[in-house]
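Peer 1: Chain by chain, the residues:
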Amino acid sequence: MRRYRILAAASLLILPALLRGLWYYRGFYQPAEPIRLPSFTQIEPPQPPLTPEAGTTESAGQAEELSGKVIVIDRAHSNQFQLPELDTLTQALLTRGATLQEVNAGDEFESNSFGSSEALFAFSSRSLQSRLKYASAYVVVAPQSTFSEAEIQHVARFVSRGGRLLVVLDPTRGGGGIDIFGFVLSGSAQDVSSVNLLLEPHDLAFSNDYLYNVLQNEGNFRNVFLSPGEPADLTGNLSQVVFYAARSVATRQGSAVLVGDDATFSSSTDRGGGLAAVAASPDGRVLAVGDLTFLTPPYDRVADNSQFIQNLAAFLLGGDREQDLTDLPYLFTRPVQVLTSAAFPVQAETLRALQSLQASLTSRGLPMSITSEPSEGHDLLVTALYKPSDETDPYLASLGLTLPDDQADGMLEVPGFGALDPQGIGLLAAVQDPERTTLVMLAEDEESLTQLAENVGQGFLSECVLQGLYGLCKLGEGAGFQLEESLDFNFDFGLEEPAIELPPTIPVPLTATPPPAPLP
Amino acid sequence: MQGQAQPASGVKSVLLWVLLPLLAGLALATRVPRPVIGLIYLNDSIYAYTARDMISQLDYARQHPEVRGVVLVMDSPGGTVVDTEAVYLELARLRQSKPVVTMAQGMIASGAFYLSVGTDYVVAGPSAIIGNIGVISQLPPPPEVYEDLASTGPYKLFGSSRDAQLRSMEAIKQAFLQAVQLGRGERLQIGPQRLLTGEIWLGTEALRMGLVDEVGSVSQSVERAADLARVAHYRVVDLRQLAELPSAVTYFFFYETPEGVLTPYPRQPGLYLLYVPPWDGG
Chain A
1 MRRYRILAAA SLLILPALLR GLWYYRGFYQ PAEPIRLPSF TQIEPPQPPL TPEAGTTESA
61 GQAEELSGKV IVIDRAHSNQ FQLPELDTLT QALLTRGATL QEVNAGDEFE SNSFGSSEAL
121 FAFSSRSLQS RLKYASAYVV VAPQSTFSEA EIQHVARFVS RGGRLLVVLD PTRGGGGIDI
181 FGFVLSGSAQ DVSSVNLLLE PHDLAFSNDY LYNVLQNEGN FRNVFLSPGE PADLTGNLSQ
241 VVFYAARSVA TRQGSAVLVG DDATFSSSTD RGGGLAAVAA SPDGRVLAVG DLTFLTPPYD
301 RVADNSQFIQ NLAAFLLGGD REQDLTDLPY LFTRPVQVLT SAAFPVQAET LRALQSLQAS
361 LTSRGLPMSI TSEPSEGHDL LVTALYKPSD ETDPYLASLG LTLPDDQADG MLEVPGFGAL
421 DPQGIGLLAA VQDPERTTLV MLAEDEESLT QLAENVGQGF LSECVLQGLY GLCKLGEGAG
481 FQLEESLDFN FDFGLEEPAI ELPPTIPVPL TATPPPAPLP
Chain B
1 MQGQAQPASG VKSVLLWVLL PLLAGLALAT RVPRPVIGLI YLNDSIYAYT ARDMISQLDY
61 ARQHPEVRGV VLVMDSPGGT VVDTEAVYLE LARLRQSKPV VTMAQGMIAS GAFYLSVGTD
121 YVVAGPSAII GNIGVISQLP PPPEVYEDLA STGPYKLFGS SRDAQLRSME AIKQAFLQAV
181 QLGRGERLQI GPQRLLTGEI WLGTEALRMG LVDEVGSVSQ SVERAADLAR VAHYRVVDLR
241 QLAELPSAVT YFFFYETPEG VLTPYPRQPG LYLLYVPPWD GG
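Protein chains in written order, with this note's numbering: chain A, 1 to 520; chain B, 1 to 282.
There could be a bad hint or two in this list.
Said to hold, decoys possible - Below, a sample of chain B positions facing chain A; criterion: calculated Cβ distance under 8 Å: (1) 7; (2) 8; (3) 18; (4) 96; (5) 168; (6) 182.
Calculated from the structure, these hints are not laboratory results. For each residue, glycine too, the CB sits at the ideal point set by N, CA and C.
Whole structure, please, built from the sequences with the hints as guidance.
Peer 2: The structure is reproduced here in structure tokens:
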């Protein structure tokens, strides 16, 4: 009995708590599964695939003859970069013996070869035009201002004659941007619209985007791995290149040089597959590169970037630039000899007239001398009158000219032009072969020849009709610098503007960080 | 006399064996606490002060048995990496004993989404903003030396190189991705390709992608927490009150322009799990 009482008492003791517990609690919480956390300690910042130690990057320049070519770098279009950012490329070019020049927006006030500063009647486009006369390649990086129609034509003509054009854009180098963290950060860019007109004749167009890959990247979604495509000279010794925020480039007939994989997307479409960050024009003379950062340390040492930079340098110097009369006074690429005829020796006035030409040649490191016997390794300037001469006839014969003295009617016959009255006409003819470039200047008399030499020396060809390797120039009173009076030869071939042009500044290599010198 | 003594004995017996145990039992029953579903509100970005408050409340929930479950009611664009991770780890600790449910009331972006994947169940408003997985940071300036500002190492002034900071961000992003994948598990319907874009999605979209479990309200999230905790007839209490925390501290996390316009980006450079909405400059 007592036992039942104890049991009942115990039940009554527990029951309220039990009921209350059952009222509130329906069981025990069981975590659905073991709670798993990220392996924080195992995750390490990704490291870049660095270029193997020096010596494996193939520098074509080591095996090649130093080029002596001139590379013009554009600084005239509000370009968003600093020259030291191109150091790796410029070093590669300098190693190959190239000379670098920059064209600036203020180049209408460029210095002449004697160091004096003189305002010229030229615009930046003209300055660009003059530099492209002797340049082998033109490099445009992150421009913000638009290229004029004249500039686009000059560049297109430059390329059509074998010049190389390299256009580098970078989506982080733009005019627009967002205000964040208290700074206006450049982002979306005007550079695409700036250069696409320049690239349009060459079947290339940048997209206003950036490439990204969220799955396989070099430390960040915008750092994309690229595989080599074509052509072989640009992709030689490459297996993987990394770009650090890159625009994509489209081409219809050209070559995709560096291409992202299927997971590399364009920011403008969020789609991918075969997107190129570097593309070449169909003729291989124009290259559009969608990133600038890969040229700068430390990114130049990642993957095969340094090799690609070497390939770029080789591309810039690999052009076989055709020269023609429109390149005057920069037609010559070797020391120049002025060949005289014994029958018509060079007169003092002609010599004076040639001074301008000599100045422009000197500014490019090309001496000029007078000779009666041409020697190897020299370009040749032949000055003569429309009269037969033993010294000059061989050159004239190769041109297919018929001089007035050989004609019953006293007419000058020029291939392509037909028969012309030689009076008041100067003739220019250029002959190029692997050994030398020969420029023949012919005129009716000494005075005309002097005037022709003056015009050539100063690159003043607006009163000339240029046709291939021949040029016919109006001479005599009313010609020359008195442009307004030019009537008969008022052709507009878009070749020259009526302005005096001094030779460019002495080519000085651009500032490039020299390799560190070993400490004593 | 015996007849009189027996009733007295019976009363005594009832008192001793019935009433007393019952009263004792009732008294004992009061010791069985009414369960509490605690609410932790986050209507701010995640930074030192808000994280400290959240951790205090999580700690309170962990240490008080009557708190049987917790609902994080969030409307936050995220915040700093370190503070987000600190709260995330406290959540994991609490979940070993109590369920935690997220209610995405307005926005659980970036760091706030990071916290949500560290909870058992996520309820979102139909048009709540969900996602924005990733890291943002202002990179330090390129290495330079200054004539009048001396330091003892190339990165003493700014902490790291630009490249190193970018790679640190990538490591943080990888941890974030792992947290999402581990937290959502088989419920996740999209892969890293989509997750890592940093997109934001509406609550309904997020449901289809498996980033949230239900489209609903705060009360539904509380019910879900109670279900998980297996409790009924519970109280719903703001844990800030139980933990006796002062009112939320207002701290100038976001940058304010000299004109007094509050911007959506932080006032100090650093590493952030933060959604910065488009801003027109005020």
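Peer 1: Is the interface hint satisfied for residue 8(B)? The criterion is a beta-carbon contact with chain A at less than 8 Å.
Peer 2: 17 Å, violated
Peer 1: Can residue 18(B) be said to touch chain A, with a Cβ gap under 8 Å?
Peer 2: It holds, given that the least Cβ distance between residue 18(B) and chain A is near 6 Å, below 8 Å.
Peer 1: Using 8 Å as the Cβ threshold, decide whether residue 96(B) counts as touching chain A.
Peer 2: 6 Å, holds
Peer 1: Verify the interface restraint on residue 7(B): the C-beta must sit less than 8 Å from at least one C-beta of chain A.
Peer 2: 17 Å, violated
Peer 1: With a cut-off of 8 Å on the beta carbons, see whether residue 168(B) makes it to chain A.
Peer 2: 5 Å, holds
Peer 1: Under the criterion of a CB-CB separation shorter than 8 Å, is residue 182(B) in contact with chain A as hinted?
Peer 2: Since chain A brings a Cβ to about 4 Å from residue 182(B), closer than 8 Å, the hint holds.
Violated hints, in rising order: 1 and 2; the structure is consistent with all others.
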